[in-house]
Each structure stands twice: as C-alpha cells, then as structure tokens.
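Trainee: The chain contents come next:
2 protein chains.
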Amino acid sequence: MVRIALIGAGRIARVHAQSVAQLPGCCLAGVYDPDPQQGTRFAREFSTALFPSLEDLWADPDVDAVAVCSPLFAHRDHVVGAARAGKHIFCEKPIALTLDQADEMIAAAREAGVVFMVGHVVRFMVEYVRIQEWAAQGVLGDLRSAYAARFSGLSAGSWRGWMLEPGRGLGVLDAHIHDLDYLQWLLGPARRVRAAGWRFPTGTWAHTTSWVEFAGGSVAVAEGSFAVPQGFPFTMYLRVIGSEGAAVFAFEGPDYATPSRKTLSLYRQGHPPQTVDTTPINPYLEEMRAFLQCIRTGTWPDRGHPDDARAALALTLAVQQALETGEAIEPRPSS
Amino acid sequence: MVRIALIGAGRIARVHAQSVAQLPGCCLAGVYDPDPQQGTRFAREFSTALFPSLEDLWADPDVDAVAVCSPLFAHRDHVVGAARAGKHIFCEKPIALTLDQADEMIAAAREAGVVFMVGHVVRFMVEYVRIQEWAAQGVLGDLRSAYAARFSGLSAGSWRGWMLEPGRGLGVLDAHIHDLDYLQWLLGPARRVRAAGWRFPTGTWAHTTSWVEFAGGSVAVAEGSFAVPQGFPFTMYLRVIGSEGAAVFAFEGPDYATPSRKTLSLYRQGHPPQTVDTTPINPYLEEMRAFLQCIRTGTWPDRGHPDDARAALALTLAVQQALETGEAIEPRPSS
Chain A
126 MVRIALIGAG RIARVHAQSV AQLPGCCLAG VYDPDPQQGT RFAREFSTAL
176 FPSLEDLWAD PDVDAVAVCS PLFAHRDHVV GAARAGKHIF CEKPIALTLD
226 QADEMIAAAR EAGVVFMVGH VVRFMVEYVR IQEWAAQGVL GDLRSAYAAR
276 FSGLSAGSWR GWMLEPGRGL GVLDAHIHDL DYLQWLLGPA RRVRAAGWRF
326 PTGTWAHTTS WVEFAGGSVA VAEGSFAVPQ GFPFTMYLRV IGSEGAAVFA
376 FEGPDYATPS RKTLSLYRQG HPPQTVDTTP INPYLEEMRA FLQCIRTGTW
426 PDRGHPDDAR AALALTLAVQ QALETGEAIE PRPSS
Chain B
126 MVRIALIGAG RIARVHAQSV AQLPGCCLAG VYDPDPQQGT RFAREFSTAL
176 FPSLEDLWAD PDVDAVAVCS PLFAHRDHVV GAARAGKHIF CEKPIALTLD
226 QADEMIAAAR EAGVVFMVGH VVRFMVEYVR IQEWAAQGVL GDLRSAYAAR
276 FSGLSAGSWR GWMLEPGRGL GVLDAHIHDL DYLQWLLGPA RRVRAAGWRF
326 PTGTWAHTTS WVEFAGGSVA VAEGSFAVPQ GFPFTMYLRV IGSEGAAVFA
376 FEGPDYATPS RKTLSLYRQG HPPQTVDTTP INPYLEEMRA FLQCIRTGTW
426 PDRGHPDDAR AALALTLAVQ QALETGEAIE PRPSS
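Going line by line, the protein sequences match chains A and B. If you're matching positions, the first sequence starts at 126 in my numbering and goes up one per residue. If you're matching positions, the second sequence starts at 126 in my numbering and goes up one per residue.
The set of hints was computed from the structure by calculation and includes no laboratory data. Bear in mind that the values here come from a model prediction, so they are computed numbers and not experimental data. Beta carbons: idealized from backbone N, C-alpha and C, even for Gly. Honestly, I wouldn't trust all of these hints.
Derived list of chain A stretches under chain B, where covered just means 3 residues or more per stretch with a C-beta under 8 Å from a C-beta of chain B [as the list claims (entries may be wrong)]:
# : segment
1 : 312-325
2 : 359-371
3 : 385-394
Every beta carbon over 12 Å from chain B, so not counted as near; a handful from chain A, in silico [as the list claims (entries may be wrong)]:
#  : residue
4  : 152
5  : 160
6  : 186
7  : 266
8  : 291
9  : 397
10 : 409
11 : 423
12 : 458
So that you can see chain A by itself, here it is in the shape it has in the complex (with noise of 0.2 Å):
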C-alpha cells in the first residue's frame, strides 16, 4: 500500500485525491496546505490527515510518497524537501518556474533514489497517446508539419492568481508548455523558438503564438491563450501532417472530461477516412497508477519524466524570452 500525501489543497489536489481514492494499492497519507482552513476543509472532505506543517509531513514514516499540488514557485521548495525526507515525488507540471531549480530537484530526487514523476497529463490523453502511437509506429510517415491550440477564458477561480504573477507562475505559458512538451515527445528536442503575443496587465503572458523549428527540420506553430472572450469554448487542437498520412484532434468543452465536441481523425494515403472512438480514460487517474507502478518498480516514469519535463520548460522559457525579445531563441540545452 503506497501512501501518497498532498502538498496543496487546491484543484488540482482534489483532481489527484480522487485518483488516489480510485486506485487499488494506494491510499491518502494526508494533506498539508499553508492555508490551515483550505487544508481543514480539504482533509474533511477526503477523510484524511492534516499535517499542521511540512516539517511533520517530511518526518513521518507512514508517507512514502507526495503529490505536489502547490503553485509553481513552490515546486523547488516542495520537491527538495521530499526527496531529502525519501518520498516518491509526482510533481505537477510545469517541473519549476527556472532550469536551476528544475536541475536542483532532479539532482536530489537521484541522490534520494526516490521516484520522481512530473504531471505532464497531456501525454496520458488518450487521443494524443493515438496520435503519437501512429507517428511512432510510422503510419503517417515523415512528419512534416504540426498545429497545435489551447485556448481558454480565465476562470474566475482565485487559484489563477498566482499564475499570473510575474516570479511566481507563468501565464498563459503554464497551459502552453502542454503542447510544447507534447510536440517534442512528438517531433524530438526544438532547436529555436519565434513568439509573438500580449501580456497580462500583470507582465506575464496572456497570449502566444509559438513558431517552433525541430532539429529534425520539421516545423510546428503552437498558439496558447487565456485571453479569449468570455464565452469561448475551452478549446484543445492538433494537426500533424506526414508524408503519409495526417491526424486531427478537436475538442471543445468545458473541460476534458465534458466534450461539447470532440473528433479524432486519421487520414492516410490509400485507405479511407477514419474517426477513431476514443473511449473516454480519465488522464489523471492514468498518471497516478504510472507514478505507483513507478514506485514499485523503482524507475522513473515513460511519460512524465522530469528530464522531459526540464525540456519542455527549457522550450517554454524560450518562448518567454522569444516573446520578451522578438527575437529567436535556443532553448537553453541541460547542463
């Protein structure tokens, strides 16, 4: 039975305590939050502990493994502290706010030898698993071209406040990295980055239209918003274009797990049209029972890997420094 305790009480906690309380082999260890109320309130509803504070968390031997659902600056924090205290780690994403930061927690984790897993849930969608299977497996060819969206409103939820500070979250680029890390488990590492887009009245990013150059010569334009209207459908998209063939991926709803329309599509030279029915898997259930099979075979993960994740930060933060500059720009290569 693996013990898994939460650091944060927010929504993304509850996504993962309901994992947790799904899966076989696992069970809640408890929960801590800054906000002793949240945390209160949270522990309540899932029947759980509260640790009163970190310290009691590290130091207790029925927690084997942590969730870090805190606000990215508190990633670094949260994700050191486990690894020194032993804990398996699954980390949400983004990894970190820095590459410093992202090196530091993986440098600890291997020293622990505990299991470290970042939440790139984009990779455990079904529809965009298919889509990379056929790429593998070679059904569409050469790749040559991909389209990549995500858009969304900013919900009223004060959850996003952080996200929008400068120092503390990334705006829009903390939606965005989902197809930039996609696209480079899709296309291999990028090789330079253009942006263009606007910025919250705060300084980070509202909006990004993302032109990225594969080292394998292909191309993709990746466009991420929380800006659109109010009203506009929570919209996720991809097109990938090969020499033999093509896939579609449009979904419009409130959320993942409630399409108003979701299609996927796969056209190949010579065969006919086919929409592929995508049995609805909950990704974050998928994630969490990774991260424990993980756990119990002491290796890190497929997918979710944190040197992927430090990639798909570094193409992030490229991205900033592409849309703060006009410039193009490298991603910054691990050290």
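Based on the hints, put chain B in the right spot on chain A.
Mentor: Showing chain B alone in chain A's frame:
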C-alpha cells in the same frame, strides 16, 4: 446588356458562365480556348459562340467585357490584350505570376479606361465578409492575432497540371493567396513574412506554414496545403482574436457550396456566445454581380481591386521566397 466573353473553357470558366446566365443585365458573348475541342464542347453546353482566335474576340464589337479564366501564366497576355481591345476585365486570382506582369496589366487597364477586377472570391464569402465587418465595426476591439488555414488534396483533374509547374503556376500558393489577401484586408499591409513547408516533385510548393507580421503590429499564421492525404476534407478555417472579442469560422466539405460542417461563431466580452447562421450565398455570383455594377458605374471594385490583388501577390511571392531561403522577407511595395 453587358456581353461577356470567356477566355478559357476550364473549371472556373464553367462557374462564371453559370453566374452570367443567372444574373440580369448580362449575357454570354462567346468563349475562346486554345484547345478547339474543349472550346467547342463548352460553347455547345452554354449555347454560346466559339471564337476561333483571340484576335476575333478582341475585334468583336459585341463583346463588352471578358472573364479571364485561363491558367495563371496566361493572365498577363489575356488581360493586356483585352485592355488594348477596350474590353472590361474580370480576371481570376492570382492576378499574375509576377509583380512586373501585374503592374503592366494594371497600367494597361488604366490607360484603356476599362474596368479591371480580380476574382478574390473569398472577399465575397459571407462568413469571411461577416468577420471583416465585425472587425471594421470594432466589435472585436483591437485585432491581435489571426490564424487562417486552407487545405485540400490534389484533385485528379488535369486542370491542375500547369498549377504545379514552376514558371506557369504557384503550387499551393495559388490557394494560399486567398488567405494572404484576406488577412491584408483584415489587418492591413503585411511588412514581413517567414514560411516553412515542402515542395512537389515538380518544384512548386505543396505546403506552407506562413508567419505574417503586419505593419500594425499584429501577427497571423496562415497554413495552406495541397498535400493533405486522400480523404482529408477540403478545409477552410479562420480565427481572429481581438481585445474585445473573437470570431471563428470553421468549414469542412467537398466544396464551399456543400459543407459537411460549417460554423461561424462570435464571442464578445459581456455577451453570450453567438453562433451566426449564414444563409449560403454563391460568392461567385456575388463577385460577378459586383463586376457588372463596376461596369455600370465606371469604377474599379472595392473587393477585388487590382491594387489589393497586386498586394496579395507581393505577399504570396514573399512567402515563396521565404520558403526558398528560410529568411524573413519583406513584400515588394508597389512602385
């Protein structure tokens, strides 16, 4: 009664012959095609005269106007010839293969005092018109970002043969120019473009992803492909995001007249989302109606003005050069 002769008896000539047949105040004055068999078949089908040569057509005082429906490489000769013969001119898009040709054609028509219009039919498609109106009326606020796409596989028809031959056609840029023209209508003059794509074995471009920077500061991405696999639906897509609203047009279907999916949506701050019903209007009929109106009033058109068509060609050739060089290219301004 405006008597209109067709130059070229191919696919698009058929479309314009049908418009002429439907519109009041005009009639077909005959057809010319260098292939006598094709010309004869066409003349019989539309119960009109067959001109044995262009000289016969130019010399016929019963021809008031021509619709130039010949392949791109022949536009210059046909437009300049018609102008010198004093005929009003409707010419298919793109206006010409080169800017020098376009300038020569415009000068010839001006000198002859005839009406000259270029068939940029997207400016007559009601959904594109609606979005342009919203933008012009300020409904969307300051325009910040646009994405336009146009995808079709190569039809089996031999009519596209010349289109793929360097020096005779522009490959996919023959379709991509629709979006480049529209984006300049919407966002003003482009100042710089980058592009990536791949070629047909013939050497013309099969696919382009174009990054267009506008003098006003906004950036648009436009994608065009003749290289999508078999079965991929003919696709038109336009999304415009402004400070106060966003508009999305999504179209799939065998052709514009027979959508399998079509939505036009308007999202505005402080308003519920609006799905706009667009009665299907034949845009080819509307552009021919506008041409007739120009002849009646002796003016050049608002939509399909040769100067705009020339600017669209300048941007298209800049995209071509960007594809070839990998560099950022500024469209050549009009002299």
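Trainee: Next, verify each hint and record whether it holds.
Mentor: Evaluation of the provided hints:
Coverage of the segment 312-325 of chain A by chain B holds [criterion: at least 3 residues with CB-CB distance below 8 Å; count 4]. Coverage of the segment 359-371 of chain A by chain B holds in this model, with 4 residues showing a Cβ closer than 8 Å to a Cβ of that chain against a need of three. Check on the segment 385-394 of chain A: 3 of its residues sit with their Cβ under 8 Å from a Cβ of chain B, so the three-residue criterion for coverage holds. A cut-off of 12 Å between C-beta atoms confirms that residue 152(A) is not in contact with chain B; the least separation is 43 Å.
Non-interface status of residue 160(A) relative to chain B is upheld: no Cβ of that chain comes within 12 Å, the nearest being about 31 Å off. Distance check for residue 186(A) against chain B: the nearest CB is about 52 Å away, which clears 12 Å, and the non-interface claim stands. At roughly 9 Å, the least C-beta separation between residue 266(A) and chain B is not larger than 12 Å, which violates its mark as non-interface. No Cβ of chain B approaches the Cβ of residue 291(A) within 12 Å, the least distance being about 20 Å, so the stated non-interface status holds.
Its beta-carbon lying about 6 Å from the closest one in chain B, residue 397(A) breaks the requirement of being farther than 12 Å from that chain. Look at residue 409(A): its CB is around 28 Å from the nearest CB on chain B, clear of 12 Å, so calling it non-interface holds up. Here residue 423(A) stays apart from chain B, with its beta-carbon at least about 43 Å from theirs, past the 12 Å limit. Every CB of chain B lies more than 12 Å from the CB of residue 458(A), the least distance being 22 Å, so the non-interface label holds.
The earlier numbered hints that this structure contradicts are 7, 9.
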